[in-house]
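If you want the building blocks of each chain, they are given just below.
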Amino acid sequence: MVAYLIRRLFFFVPIVFGVMLLTFVLFFVVQSPDAMARRVLGPKATPKAVENWLHNRGYDKPLLLNRTGQAPWHDSLFLNQMGRLARFDLGKSDVTNRPLAEDFREGALPSLLLTVPAFFVGLALSVVFALYLVFIRNGVVDLAASLACVALMSVPVMVYIIAGQFLVAQVLNYFPAFGFQLEGFSTAKFLLLPVALMVVSGLGADVRLFRAMFIEEMGQDYIRTARAKGVSSALVLLRHVFKNGLINLITLVVASLPFLIMGSVVLENFFGIPGLGNKLFSAIQAPDFAVVQASVFLGSLLYLGGLLLTDICYAWADPRIRLQ
Amino acid sequence: MAAFDLVWVQNLSVFTGYALLGGALWRVAGTERWKAAWHRLRGDRTGMAALALICVFLLVGTLESFSVPQPTGSRTLLQLATAGIPQEKGYSAPLATTTLSVANPTPLAGRHLLGTDALGRDTLVQTLRATRSALWIGGLTSIIYIPLGVLLGILAAFYRGWVDDVVQYFYSTVAAVPEILMLVSILMVLGKGLGTMAIALGITGWVGMARLIRGETLRQVERPYVAAARAMGQSDWKILMRHLLPNVMHLVLIKAVLGFSGLVLAEAVLSYLGVGSPVGTASWGAMIDASRSELSREPFVWWNISTSAGALFLLVLALNLFGDSLRRAFDPKHG
Numbered sequence: 001m002v003a004y005l006i007r008r009l010f011f012f013v014p015i016v017f018g019v020m021l022l023t024f025v026l027f028f029v030v031q032s033p034d035a036m037a038r039r040v041l042g043p044k045a046t047p048k049a050v051e052n053w054l055h056n057r058g059y060d061k062p063l064l065l066n067r068t069g070q071a072p073w074h075d076s077l078f079l080n081q082m083g084r085l086a087r088f089d090l091g092k093s094d095v096t097n098r099p100l101a102e103d104f105r106e107g108a109l110p111s112l113l114l115t116v117p118a119f120f121v122g123l124a125l126s127v128v129f130a131l132y133l134v135f136i137r138n139g140v141v142d143l144a145a146s147l148a149c150v151a152l153m154s155v156p157v158m159v160y161i162i163a164g165q166f167l168v169a170q171v172l173n174y175f176p177a178f179g180f181q182l183e184g185f186s187t188a189k190f191l192l193l194p195v196a197l198m199v200v201s202g203l204g205a206d207v208r209l210f211r212a213m214f215i216e217e218m219g220q221d222y223i224r225t226a227r228a229k230g231v232s233s234a235l236v237l238l239r240h241v242f243k244n245g246l247i248n249l250i251t252l253v254v255a256s257l258p259f260l261i262m263g264s265v266v267l268e269n270f271f272g273i274p275g276l277g278n279k280l281f282s283a284i285q286a287p288d289f290a291v292v293q294a295s296v297f298l299g300s301l302l303y304l305g306g307l308l309l310t311d312i313c314y315a316w317a318d319p320r321i322r323l324q
Numbered sequence: 001m002a003a004f005d006l007v008w009v010q011n012l013s014v015f016t017g018y019a020l021l022g023g024a025l026w027r028v029a030g031t032e033r034w035k036a037a038w039h040r041l042r043g044d045r046t047g048m049a050a051l052a053l054i055c056v057f058l059l060v061g062t063l064e065s066f067s068v069p070q071p072t073g074s075r076t077l078l079q080l081a082t083a084g085i086p087q088e089k090g091y092s093a094p095l096a097t098t099t100l101s102v103a104n105p106t107p108l109a110g111r112h113l114l115g116t117d118a119l120g121r122d123t124l125v126q127t128l129r130a131t132r133s134a135l136w137i138g139g140l141t142s143i144i145y146i147p148l149g150v151l152l153g154i155l156a157a158f159y160r161g162w163v164d165d166v167v168q169y170f171y172s173t174v175a176a177v178p179e180i181l182m183l184v185s186i187l188m189v190l191g192k193g194l195g196t197m198a199i200a201l202g203i204t205g206w207v208g209m210a211r212l213i214r215g216e217t218l219r220q221v222e223r224p225y226v227a228a229a230r231a232m233g234q235s236d237w238k239i240l241m242r243h244l245l246p247n248v249m250h251l252v253l254i255k256a257v258l259g260f261s262g263l264v265l266a267e268a269v270l271s272y273l274g275v276g277s278p279v280g281t282a283s284w285g286a287m288i289d290a291s292r293s294e295l296s297r298e299p300f301v302w303w304n305i306s307t308s309a310g311a312l313f314l315l316v317l318a319l320n321l322f323g324d325s326l327r328r329a330f331d332p333k334h335g
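From first to last, the protein sequence lines are chains A and R.
Residue 243 in this note's numbering sits at position 243 of the first sequence, and the numbers go up by one each step.
Residue 215 in this note's numbering sits at position 215 of the second sequence, and the numbers go up by one each step.
Looking at chain A on its own, in the form it has when it is part of the complex (with noise of 0.2 Å):
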């Protein structure tokens, strides 16, 4: 399984050069630097104050190899950067010149203490919904069910968060709609509408998937078997659906396991909730370009990190896979 491994993170280094590659081309040569500062110092900046914001970033060196003479061939912006994101420096911002690195852990916290609440509450809700449509399956409920699942599905996310804020703060006038701090247990009292819109606006596609997944699973030998010994069909749920269901569960869940750090940029903006999701959207706002190109990077990373966890939870949970 090591050697499985290893090869599998071999196989990610192309997919990690190809992420940077397409960055690097969206970034500096779709938009030229040169349109990047003038985009970030406004219309009005004298070309001197362009050509030092240029500079002091390193935006100013050649794109691909340094051909000038008067630098090593490597000193270009391309390979700079490759060489920086291969010591997993993830430089400084382009408005604020804080290093990004403590811009990040900064803000995983706060994202975490939002996603990961709201990751299992929902799982766990969506599960138990799920194998209580199986059981009761192709009964009116269930239809009704599945309808209030795609229904839920089809409002977007700014409107449970605005409806939400509404309801509880103007019309329940309950606790803080708004904002957020780290002091022990009052956080609680900030993350909770949060945490329960994620759960609602996640519940419907993980409701219809995890019942699809179930069904599926009934349909297997292995059910009528135990069908036919005479096991209670609520036995056979519990026992034999939900155990065999749960190793696809765990592919789906250990795969999204490392998002979460990445928090949720919608609702960390509503909220005001200081986590890598809002940091974003004021990277979005400012614009700062460098932000947006580490998450990119980072993002890619944690992507590849939850593909390999996945393997290793997927012949953890099914002796029958051997990775090899």
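Any given hint could be a false lead.
As the list claims (entries may be wrong) - Subject to a maximum C-alpha distance of 20 Å in a straight line, what follows is the list of computed DMTMM-like cross-link-like pairs (lysine to aspartate or glutamate):
(1) A:LYS92 to A:GLU51
(2) A:LYS44 to A:ASP34
(3) A:LYS243 to A:ASP311
(4) R:LYS192 to R:ASP289
(5) R:LYS192 to R:GLU179
(6) R:LYS333 to A:GLU216
(7) R:LYS333 to A:ASP142
(8) R:LYS333 to A:ASP221
Unchecked claim - Below, a sample of chain A positions facing chain R; criterion: calculated Cβ distance under 7 Å:
(9) ILE15
(10) VAL19
(11) GLN31
(12) SER154
By construction, these hints were calculated from the structure, which means they are not laboratory data.
Since this is a predicted model, take the numbers as computed values, not measurements.
Think of the CB as a built atom: it goes at the ideal place given N, C-alpha and C, for glycine as much as any other residue.
We have chain A already, so just place chain R on it with the hints.
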């Protein structure tokens, strides 16, 4: 004169869009599988109701997409049809007789079924006009990502070997970037606009289509009819276009319908993030965004978000339900 030309380019592109859709459906309409599916679909009441609702939205969006040159500049058909509805001075509640102002309410020039917005425009008309943005995003993106995804997926599965490796490498790389980050990066660089949004959504969207079509084509090339076509000496291109493509088209249609609903939602979210529809374009996302301040007014303005979110919800719901019905119609065993 430039504006005049632009109007006709737009009118023509609506025709082209419908022609492409019609042409694609025409090619497969006669086959046994599609006839059987259509028969099953007609018996599916939810599916037909959803289809009818989608057609209503298509009609509204089309009316807003066709412009007619007028002495005062070009007007869309929808604008001409609603020209009789007067503009007010500011917010007014549904069916109110005065503007929404506690201090000095002014009488309205007419009644508005669903109220008016900050600029005194009829909310219902604005919501209907915004249908255009949603449909254009969905339509333009579909024209980009469907051919790209289908072609690459089919080629990868048909030729295998290095072609498959290259296609898989491309989509693994694009898939490795979280979608929202990818969209935001592309739109930040290319700028706001319906066209750029469609390009960005197209670049991220083809991956799912290519994966799906590659998987199905891998199954299809094992079938005897492909071997028979080969034995008869048909060229690769003919086998691809005449045999494989029609046999995966139903999956393309299902994915396209379900994908369209995702695109409509994406337009709203991207407009909210500030990288979506350009300022001044009627868009549901922009209307929902504006309601954040409207709801904290006293008395609060609830009709703008209700109407725009309601219309968005209806279209996405209809697309989701219709997509599910299509899936059931084509694959009755695994509905």
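Check the structure against each numbered hint from earlier and tell me which ones fail, lowest number first. none
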